[in-house]
Amino acid sequence: MQLLWLIVAMPLVSALVLAVLGSHLSRRVVAAWGVGSIGVSAVITMLVAVEFVSSPPAGNAYTQFLWTWINVAGFQPHIGFYLDALSLVMIFVVTFVGFWIHLYSAEFMMHDEGYSRFFAYMNLFVASMLTLLLADNLLLLYLGWEGVGLCSYLLIGFWYRDVANGLAARKAFIVTRVGDTAMLLGLFLLFTSLGTVQIQDLMHRASEHWPMGSTMAAAAALLLLGGAVGKSAQLPLQVWLPDAMAGPTPTSALIHAATMVTAGVYLVARTHVLFALAPPAQFAVAVVGGATLLLAGCSALTQHDIKRVLAYSTVSQIGYMFLALGVGAWSAAIFHFFTHAFFKALLFLGAGVIIEALQDEHSIFRMGGLRKELPVAFWTFLIAGCSLAGLPFITAGFYSKDLIIWGAWSAAQGHPSFWIVGMIGALLTALYTFRVIFRVFFGPIQIPVGKRPGYVMTVPLVILAFFAIVAGSVKDPLLAFVQSTLPPMVEANAAGMTETLSEVVAALAFLSGLYVAYLCHLQKRILADGAVAHPAGRALHAWWFADWGFDWLYDKAFVQPFLWVAQLNKNDFIDAFYTGIARLTEASYRAVQLTQTGQVRWYAAGIAAGSVVFLAMVVFA
Amino acid sequence: MLFSLGLIGLLVRRNLIVVLMSLEVMLNAAGLAFVVAGSRWQQADGQIVFLFILTMAATEVAIGLALVLQVYHQFKSLDADVLSEMRG
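Protein sequences appear in the order of chains W and L. In terms of the numbering used here, the first sequence has 285 at position 285, counting the first letter as 1, and numbering is strictly consecutive. In terms of the numbering used here, the second sequence has 1075 at position 75, counting the first letter as 1, and numbering is strictly consecutive.
FYI, nobody ran anything at the bench for these hints, they're computed from the structure. Even for Gly, the Cβ is constructed at its ideal location relative to N, Cα and C. It cannot be assumed that every hint is accurate.
[What the hints assert, rightly or not] Here are some of the chain W residues that sit facing chain L, going by a computed Cβ distance under 10 Å:
{"#": "1", "residue": "Thr597"}
{"#": "2", "residue": "Gly598"}
{"#": "3", "residue": "Gln599"}
{"#": "4", "residue": "Val600"}
{"#": "5", "residue": "Arg601"}
{"#": "6", "residue": "Ala604"}
{"#": "7", "residue": "Ala605"}
{"#": "8", "residue": "Ala608"}
[Said to hold, decoys possible] Ranges of calculated distance between the beta carbons of each label pair, as one might list FRET restraints:
{"#": "9", "chain 1": "W", "residue 1": "Asn569", "chain 2": "L", "residue 2": "Gln1074", "range": "36 to 44 Å"}
{"#": "10", "chain 1": "L", "residue 1": "Ser1077", "chain 2": "W", "residue 2": "Asn569", "range": "51 to 59 Å"}
{"#": "11", "chain 1": "W", "residue 1": "Thr595", "chain 2": "L", "residue 2": "Val1068", "range": "21 to 29 Å"}
{"#": "12", "chain 1": "L", "residue 1": "Gln1043", "chain 2": "W", "residue 2": "Val613", "range": "37 to 45 Å"}
{"#": "13", "chain 1": "W", "residue 1": "Val612", "chain 2": "L", "residue 2": "Asn1015", "range": "23 to 31 Å"}
{"#": "14", "chain 1": "L", "residue 1": "Leu1054", "chain 2": "W", "residue 2": "Thr585", "range": "42 to 50 Å"}
{"#": "15", "chain 1": "W", "residue 1": "Thr595", "chain 2": "L", "residue 2": "Val1061", "range": "23 to 31 Å"}
{"#": "16", "chain 1": "W", "residue 1": "Thr595", "chain 2": "L", "residue 2": "Ser1077", "range": "22 to 30 Å"}
{"#": "17", "chain 1": "L", "residue 1": "Gln1043", "chain 2": "W", "residue 2": "Thr585", "range": "31 to 39 Å"}
Throw the hints in and build the complete structure from the sequences for me.
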């Protein structure tokens, strides 16, 4: 376990090497550094995990103190790593899934001119993400938090020559910054009122100093929730994630599906003591999650762009995780994160194969019939899609999602209305997932397949597909393991519902979603077209397609007024005063300049006249 | 009277050599004033100061003529008004 620091250091060193020397290295060497460093990290993570599980350290947590970061007047944040069940599960997913995505990108990005730049950004991202997860104090966590934000910005705008990509990157950066500001305020509040930034000390002191339901705890928890909402693209800050699809597809898989966007879930789980102290804040988490999963699910139904469908689906699935956190089913949220990382990364990688094969075609309505053409992509995409939609009893997604839905009813803060929301969400998930599958892989071929993926791209697909299925079978050991850190779910409100019944209803929701999708998007495509053609249907479609008008609202409420003020102040009226002084000086200079004729006789005359005047003053005064 | 004559010469003539001559005239006018004042009050100081003025005039003429020589090399002219390159 002494090797813990190496897990973070490997990708960081590799990112530095690639950033400094990248342009001088051949593509083969760049790929070896970029993929290899993550591979080594993943291997070390597994060694650490084996040691952690076989001989658990005292208190089920291991702290590695590296050095004191700052030492000012009693404020002593460390560079130190804290490993417990929660962070171990998270870093396992980040390094393991991250490794396969990196391997995939080694071929996917092969012909891109920014090959070494891409791997430098990706490695820096992994290093920041691991810092975020392993940090033992909130300040170091914040460093990682901003680090992943920066890498997200850089990678969304990776193809910076297209202005739209740069705008999408800027939007993602600014919107998440709104959340980060709230989080920073929460951090300050915690430090000033409790006097430390060490997360574990902080949680102890919070439960000692603040009574149940205290205002301070609620304020701190809500401010942290603000940060989590921004990073995890939840309501009302979800607008950046669909636009973030402008980045390369492996980036979308790693950052905007599997890892970074779940940082908010991690933050809430990490500070669960605070949320448990503040029931209103925890209720807010559940409401945000529930509302987001419905809204994003509806939006996903209307998108054309395959990556945007997946983006909305990510938003919706993270909504499930927030719902689980909000009702007190902490470990269920982490379990869903675990399974979601595999199948959502796989969906994105599959989408990458499809888009590349069809010469950069993103619209699912211009795809079709790829089942025979791209068999590996088809089967892996199908497996991941089933896992996402929750194909009963086989796939990982079924187990994790049903655990959340069951928790939404039965957990301490649960309520039947949350259960209904989760169930509608499950129906929507099946509907939009199979809409994509039926449109892309079935029906007539519309665009001939160009480039087919090589082994470097298909092997990660197959491995991730394997995990998208078997990850569900580790449900009980994983939950038991995570519950050494997080409190277990209390089945308080089980009246009127059993877990089996909930699972049966979820299976029915899946089947009905599948059937409707089959009907509308495969058998009688006229049905879907008819629904859109109807005036009411068209209005609803346009509204959902535009993400419920959030972009429009933000544009009118924030962007336009800001631009207006900027336009107003373009000439800097405060500056006008200083410009005036400069103008006055200039004018007097021009007046005096006239006397400087360059003719020595004028000067002599001036001296003589001056002397006469001066003498006259002396004599007559 | 002699001083005014030198001053007018300085102001109205454009030839640099004549300007220098006018300068000498002005210096001598000042020197003469000192000598006259010395003899009026029966003091030797006036003549001593005149010796200083004489020395200074000699150096001034040496430097002035050297400059005039350089100016002529540069501009092929001794017109003071031509040398107005320092105009603001």
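Comparing the hints with the structure gives:
no.: 1; hint: Thr597; in the structure: holds, 6 Å
no.: 2; hint: Gly598; in the structure: holds, 3 Å
no.: 3; hint: Gln599; in the structure: holds, 5 Å
no.: 4; hint: Val600; in the structure: holds, 5 Å
no.: 5; hint: Arg601; in the structure: holds, 6 Å
no.: 6; hint: Ala604; in the structure: holds, 6 Å
no.: 7; hint: Ala605; in the structure: holds, 5 Å
no.: 8; hint: Ala608; in the structure: holds, 6 Å
no.: 9; hint: W:Asn569 - L:Gln1074: 36 to 44 Å; in the structure: violated, 55 Å
no.: 10; hint: L:Ser1077 - W:Asn569: 51 to 59 Å; in the structure: holds, 58 Å
no.: 11; hint: W:Thr595 - L:Val1068: 21 to 29 Å; in the structure: holds, 26 Å
no.: 12; hint: L:Gln1043 - W:Val613: 37 to 45 Å; in the structure: violated, 31 Å
no.: 13; hint: W:Val612 - L:Asn1015: 23 to 31 Å; in the structure: holds, 25 Å
no.: 14; hint: L:Leu1054 - W:Thr585: 42 to 50 Å; in the structure: holds, 47 Å
no.: 15; hint: W:Thr595 - L:Val1061: 23 to 31 Å; in the structure: holds, 29 Å
no.: 16; hint: W:Thr595 - L:Ser1077: 22 to 30 Å; in the structure: holds, 24 Å
no.: 17; hint: L:Gln1043 - W:Thr585: 31 to 39 Å; in the structure: violated, 53 Å
Hints 9, 12, 17, counting from the list given before, are not met by this structure.
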